[in-house]
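Following the hints, position chain A against chain Z.
Chain order of the listed sequences is Z and A. Residue 245 is where the first sequence starts when you use my numbering, and the numbers rise one by one after that. Residue 54 is where the second sequence starts when you use my numbering, and the numbers rise one by one after that.
Don't read these hints as lab results, they were simulated from the structure. Some hints could be false.
Claimed, not checked - With a Cα cut of at most 20 Å, we get these calculated DMTMM-like pairs of lysine to aspartate or glutamate:
| id | chain 1 | residue 1 | chain 2 | residue 2 |
| --- | --- | --- | --- | --- |
| 1 | Z | 454 | A | 56 |
| 2 | Z | 676 | A | 115 |
| 3 | Z | 426 | A | 56 |
| 4 | A | 143 | Z | 700 |
| 5 | Z | 290 | A | 115 |
| 6 | Z | 462 | A | 163 |
| 7 | A | 95 | A | 112 |
| 8 | A | 418 | A | 312 |
| 9 | A | 289 | Z | 700 |
| 10 | Z | 290 | A | 109 |
| 11 | Z | 290 | A | 112 |
| 12 | A | 143 | Z | 451 |
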Amino acid sequence: MLFSSISFLYYFLPAVLILYFIVPKNRKNTILLIASLFFYFYGEPKYVVLMILSSVSGYLHGLWIEKAKVSGNSKLPLASSIVIGFSGLLFFKYTDFFIQNTNWLFNTNIPLLRLALPIGISFYTFQILSYTIDVYRGEAKVQKNLFDFMTYVTLFPQLIAGPIVRYTTVEAELAERSHSFKLFAEGVNRFVIGLSKKVILANTLGELGKIFADSGQKTVLFYWIMSISFMLQVYFDFSGYSDMAIGLGKIFGFQFLENFNYPFIAKSVSEFWRRWHMSLGTWFRDYVYIPMGGNRGSTWKWLRNVAVVWFLTGFWHGAQWNFIIWGLYFACFLVLEKFWLNDFFKKLPSLFRRMYMFFVLTISFVIFNADRLGDGIQNLKGMFGLLKVPFTGPETMYYLRSYGLMLIIAFIGATPLAAKGVAWIKERKHGKSVMNFVEPVFHGLMLLLITGYLVDGSFNPFLYFRF
Amino acid sequence: MRERVKNIFVTVIFSLLLIGFSVANIMTPDLEFSKSERRKLKNLPEFSFQSLFSGDLFEDFEKYTLDQFVMRDFFRGVKAWSKYNVFMQKDNNRIYIIDGNVNKMEYPLDERSVIRAAEKFNEIREKYFQGKNAYVAVIPDKNYFFALGGYLSMDYEKMEQLLKKHIQGMDYIDLFYMMDQDMYYKTDIHWDQERIIPVAKGLLEAMGRDHTGDIHYEKKTLYPFHGSYYGQAAVKVEPDSLVYLTNDLLEKAKVYDYEKQTYISVYMPELFEGMDSYDVFLSGAKPLLTIENPENTSGKELILFRDSFGSSIAPLLLSGYSKVTLVDIRYVSSTILDRYLDFSQDQDVLFMYNTLAINNSAMLK
Chain Z
245 MLFSSISFLY
255 YFLPAVLILY
265 FIVPKNRKNT
275 ILLIASLFFY
285 FYGEPKYVVL
295 MILSSVSGYL
305 HGLWIEKAKV
315 SGNSKLPLAS
325 SIVIGFSGLL
335 FFKYTDFFIQ
345 NTNWLFNTNI
355 PLLRLALPIG
365 ISFYTFQILS
375 YTIDVYRGEA
385 KVQKNLFDFM
395 TYVTLFPQLI
405 AGPIVRYTTV
415 EAELAERSHS
425 FKLFAEGVNR
435 FVIGLSKKVI
445 LANTLGELGK
455 IFADSGQKTV
465 LFYWIMSISF
475 MLQVYFDFSG
485 YSDMAIGLGK
495 IFGFQFLENF
505 NYPFIAKSVS
515 EFWRRWHMSL
525 GTWFRDYVYI
535 PMGGNRGSTW
545 KWLRNVAVVW
555 FLTGFWHGAQ
565 WNFIIWGLYF
575 ACFLVLEKFW
585 LNDFFKKLPS
595 LFRRMYMFFV
605 LTISFVIFNA
615 DRLGDGIQNL
625 KGMFGLLKVP
635 FTGPETMYYL
645 RSYGLMLIIA
655 FIGATPLAAK
665 GVAWIKERKH
675 GKSVMNFVEP
685 VFHGLMLLLI
695 TGYLVDGSFN
705 PFLYFRF
Chain A
54 MRERVKNIFV
64 TVIFSLLLIG
74 FSVANIMTPD
84 LEFSKSERRK
94 LKNLPEFSFQ
104 SLFSGDLFED
114 FEKYTLDQFV
124 MRDFFRGVKA
134 WSKYNVFMQK
144 DNNRIYIIDG
154 NVNKMEYPLD
164 ERSVIRAAEK
174 FNEIREKYFQ
184 GKNAYVAVIP
194 DKNYFFALGG
204 YLSMDYEKME
214 QLLKKHIQGM
224 DYIDLFYMMD
234 QDMYYKTDIH
244 WDQERIIPVA
254 KGLLEAMGRD
264 HTGDIHYEKK
274 TLYPFHGSYY
284 GQAAVKVEPD
294 SLVYLTNDLL
304 EKAKVYDYEK
314 QTYISVYMPE
324 LFEGMDSYDV
334 FLSGAKPLLT
344 IENPENTSGK
354 ELILFRDSFG
364 SSIAPLLLSG
374 YSKVTLVDIR
384 YVSSTILDRY
394 LDFSQDQDVL
404 FMYNTLAINN
414 SAMLK
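If we strip away everything but chain A, and leave its shape as in the complex, we get:
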């Protein structure tokens, strides 16, 4: 190519790129939220002289230009792809992909956080559950299995040791040995309900509940399920299927939502298309829920202190109890639980959290 032609070519292409994207950004309608990133996007900031002279207006405009850039997901993908494949970086914002399985490096272990979690469990047991059977179980995050491929992970052994050392009057149920890497969704942080029946059985057995034979479930499949890591990965990976297990018992079970003071269903497939598809299980994040089992008349109850992982396993634990109460102390303070719940019944107590919650226990109120 001749020099002069090249110069014209460069000038035209550069100008077209800049002006083209500029016009496209201005013309394209703004989006309210990003499904792939599962977050609300910044909209054009409102003008005021106060925000203009304080600098807030331009600061907000910066965020707006990033959030509303045309083909944002494509460009994020370009960056992620280049990091993995051109610059041979092992992770992108701590996200790494092994055989289509998206994982996040969670490390290092925050020992103080683990001790704080143990103390919180002790405090709750002491306040409400003295003399009752209480258990602690920790769900390993995916990184526990996948980091073995040369990635960084927290010291899980130390976490278990610390918990066992600091919990009082409670038995530790080891889930690590019950689980394997295939029990998780490929694109999401959570475990896949379809694959955790053995974990549910193990938990019931550890808590001394009779688990009479196999319970039959009907599988219902929702597709495509783009998990929370899907958006963070920013590159194209195969979506998961979200399978939920149901049967007559679960169809009949009554779920009471204390926050909305209304009855809901165990599964809410209509929420699959929402911001977080995992909300299909017990409507997602809820401070207090009870699930009543009309077929179990033993009067035995389970109080399950849980995070989002609890939403999908709770239905599988229902067969062992007359009632399962799910308490999420990320959204309700543990000091006021007796205002809503009756702790005088025949109850088992299970504190079941995934390793990320234990490692960030400041969120447990």
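Isolated chain Z, as found in the complex:
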């Protein structure tokens, strides 16, 4: 089920809210668990069993690790949890990738399995593993209640597209959490902002992308518009989802960590990744990069660690070479920045740094967007005038005019400008009182507008669903 759907907004969510708030405290997790299982079943009836088995496996491994700690032999259950956890992900997500490459390398003809990817498997697998690893490290207490643990894994606000909520983040709230008008209102505001990002901005930019894909009059300018709008679409799609997840979490009394922090204002690739999909970045940092030695040791060791982490980051996004190249592309720039670019840019005005980031990121999302490597190369050629297409044309200019304001709004929305504006108004005399009235009215109107967009049937599935 999509958050940005009528079925979620006007059937599922009101029913869950009513049930959740009328039952006594000790039954709230049960309601969330049942609701979450139904939420998953609605979109993926066949794979709900896989998710339940993964949760039970994570729960039992937690107990096993805890028990094995007494005898000092908790590595075995940890290894078991990692192997079992990853085997599901590898089987469903990566088998066909390995078969395809084996066939290509050895000229074999092994048939593909063509399995549908269980929605959210990359997210819940990483969550379960963060739990068992943290129990092993002694950073999390073992959860003895299976239903509470399953509530954590299946919690519908973050189940299918993150953020990757670590067990330690919600450990205390699973047992005891408070609800208030303040939290509820904050959650509503955040949810509506996320929904607006998704439905108004990401989907409209997605429309533009589709127009480009269908267009028979491609131009250099159109290639650029397409690439930039796709980059912004991914941002608003995914950060919108994270906003909705965080907002829903607050409504139900959970405080999830932030997942995005205006990544496009970053002045370097390393800063970008501290602002983009932060829950994934910190997961790889804490569970892969640092255990491998991080930046301690020789330069070669560091280079190896960076390469491994970014290979995995790319591969996590999808079983395609373009995602691996995408990850390694960032690794290259991280290395270049560390050894050369950071010093180089220090001597230049910050405008150059912004231009550098703009090009690096735009090209990265062209790679990200390519279904096949050839498509990505074709689009890059188009952007740099290496295809026999004119610089611009009537169709390009028409869509630039038609989507121009939306692109400007998207650009501004990707910066902290609006948030700073609101903060500035609130600091004025009576500003807070005015905003206390304006904000909810604005969000209410946005909800009605979004309903219009949804009713008209113009919505896309979330891009990050399949990752």
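Chain A only, in chain Z's frame:
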């Protein structure tokens, strides 16, 4: 407003909106079809374990929730309004409005489709009409005129060039220069019968039929006419009037419907309230019809291969012929026409389609 009051206000309003619409959706009876969108609406899917576990049940339920949402037309209007007026987008689902005139951007030109249409006309002429006078005429869609205001349109010149190049043994009648933007309804794709008398005259002249003086028609008006673009526009625009032209000849004319094997009237005002008001003209989409003119004893017939535009112009062409046969090869295969029609008579043949049909000619069977 104080922080605490605001928080209570937000909580209450959000809950009321969600629960209110939820209850309204459940309580409101489902509709069978949408008149504004001219389509059947999805009804609540039937439960079965098979559909439950295959995911079909929920997929159908998604469609149901969209189709049956309370105040659906209002919400579609909100979206369209915001696209035009807030986000300054030039079109909404390719629909744009100029001075209350609703238009649709139709582009790009599909050259293969144009050639396919020409080949289809050649094939039909070759099979049934060798030695007969055959003509091809293309009716421009509204976008031909209105796109000049800065919208995208297909390359009409190229379409005409391609058709002229590929048709064989047929004359091309240029309707583009006979027409202007005022000949169309404001809310519909079609031309307005009241305004296309000059086009009918032009066609008859081009086909060599004597058009003796002006024919007098009585105007009959039906209102309000919400055309096919009205629903797609989703915003409030003034509806049209549907005017049909009649006279003694058209009242007396016998129209035979081959599909239903029955006689009908040239005009069917009782269909005005149906799904498509344009069905008033010759009952709308019909594979085969003949209109007999009791006042013309020349024995000259017209075989008109046509789309829906033909329904409103055919009555105006009747004066030039003893009989007009309308063939819609979107609904009947052109390979079996001789089972129903006699092609051995003194006949002119006219292939007259609007640009959208030519650009999507796969529908011509």
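Here is what the structure says about each hint:
no.: 1; hint: 454/Z - 56/A; result: 43 Å, violated
no.: 2; hint: 676/Z - 115/A; result: 40 Å, violated
no.: 3; hint: 426/Z - 56/A; result: 8 Å, holds
no.: 4; hint: 143/A - 700/Z; result: 17 Å, holds
no.: 5; hint: 290/Z - 115/A; result: 18 Å, holds
no.: 6; hint: 462/Z - 163/A; result: 16 Å, holds
no.: 7; hint: 95/A - 112/A; result: 11 Å, holds
no.: 8; hint: 418/A - 312/A; result: 17 Å, holds
no.: 9; hint: 289/A - 700/Z; result: 16 Å, holds
no.: 10; hint: 290/Z - 109/A; result: 12 Å, holds
no.: 11; hint: 290/Z - 112/A; result: 14 Å, holds
no.: 12; hint: 143/A - 451/Z; result: 14 Å, holds
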